[in-house]
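Asker: The listed protein sequences derive, respectively, from chains A and B.
The end of the first sequence is residue 101 by UniProt numbering, with every number in the run present.
The end of the second sequence is residue 101 by UniProt numbering, with every number in the run present.
Check each hint, because a few of them may be wrong.
Each pair may be met inside one copy or between any two copies, as identical chains are not told apart.
With a straight-line cut-off of 20 Å between C-alpha atoms, the simulated EDC-like cross-links for lysine to aspartate or glutamate are [claimed, not checked]:
hint, residue 1, residue 2
1, 81, 12
2, 81, 54
3, 87, 32
What the hints contain is simulated information worked out from the structure, not anything from laboratory work.
Fair warning: this is a prediction, and the values are worked out from it, not measured in the lab.
2 protein chains.
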Amino acid sequence: MFENMDFSKMGELLTKAQEKANELEQEALKKEFSAKSGGGLVKVSANGKGEIIDINVDDSLLEDKESMQILLIAAINDVFKMVEQNKKSMASNLFSGMGML
Amino acid sequence: MFENMDFSKMGELLTKAQEKANELEQEALKKEFSAKSGGGLVKVSANGKGEIIDINVDDSLLEDKESMQILLIAAINDVFKMVEQNKKSMASNLFSGMGML
C-alpha cells in the first residue's frame, strides 16, 4: 500500500508534526483549567498537560470526610474533561494546520 | 505525496484501527490504578481512561488541611502518570499489532 509513497516528504512531514506537537505541549503547560464542586466548597486546578497544580477544600468539609471525598472526585474528573477537550482541539488544529485533516 | 496511494486499503486500515482503539478503550475502563502519598495517608484510584474512581484520606489529615491538599495533589498526579504510561503502551501495542510500527 505504501510502495510508491515519497518517504522523504513523509519524513519531513513527521518532523514538522513533532516540532508542532512539542510547541503545543509547551503552550499547554502555560494554560490553567479549574473546576469547582459542591457550589465551590472544592476547587481543583490543572495545567494543560493534565497535571494538578492546586486543590482547595473549604474548612467546613473537614467535618464531613465522605462528602469531601465525593466532591474531590467530581471536581478532579471535571477539570480533566476540560484538559482532554483542550488537548483534542489543539490536536485537530495541529493536523488542520498541516493540511492533514 | 499521497497521489498514488491506494485509498481503499487506507480506509480499511483506519476502520481496523478505530475498531481496535474502541476495544482498547473498553479494556482500559476495566483496569484500575492506585497511588498513595504520605506513606498511605492518601490513596487515589483511577480507571484506565483516567477517571478518578476513589479517594481515601486518613482521618488524621483532617487536622492539617495544607498537608492533605499537598498529598492529594501528589497522589493524583502519580496515578495519572500510571494511566498515561498504560495508554502509551496500549497504543504502541495497537500500532505494532497492525504492523504500523
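Asker: Next, verify each hint and record whether it holds.
Answerer: Tested hints:
1. 81 to 12: neither (33 Å within a copy, 31 Å between copies)
2. 81 to 54: both (16 Å within a copy, 17 Å between copies)
3. 87 to 32: within (13 Å within a copy, 23 Å between copies)
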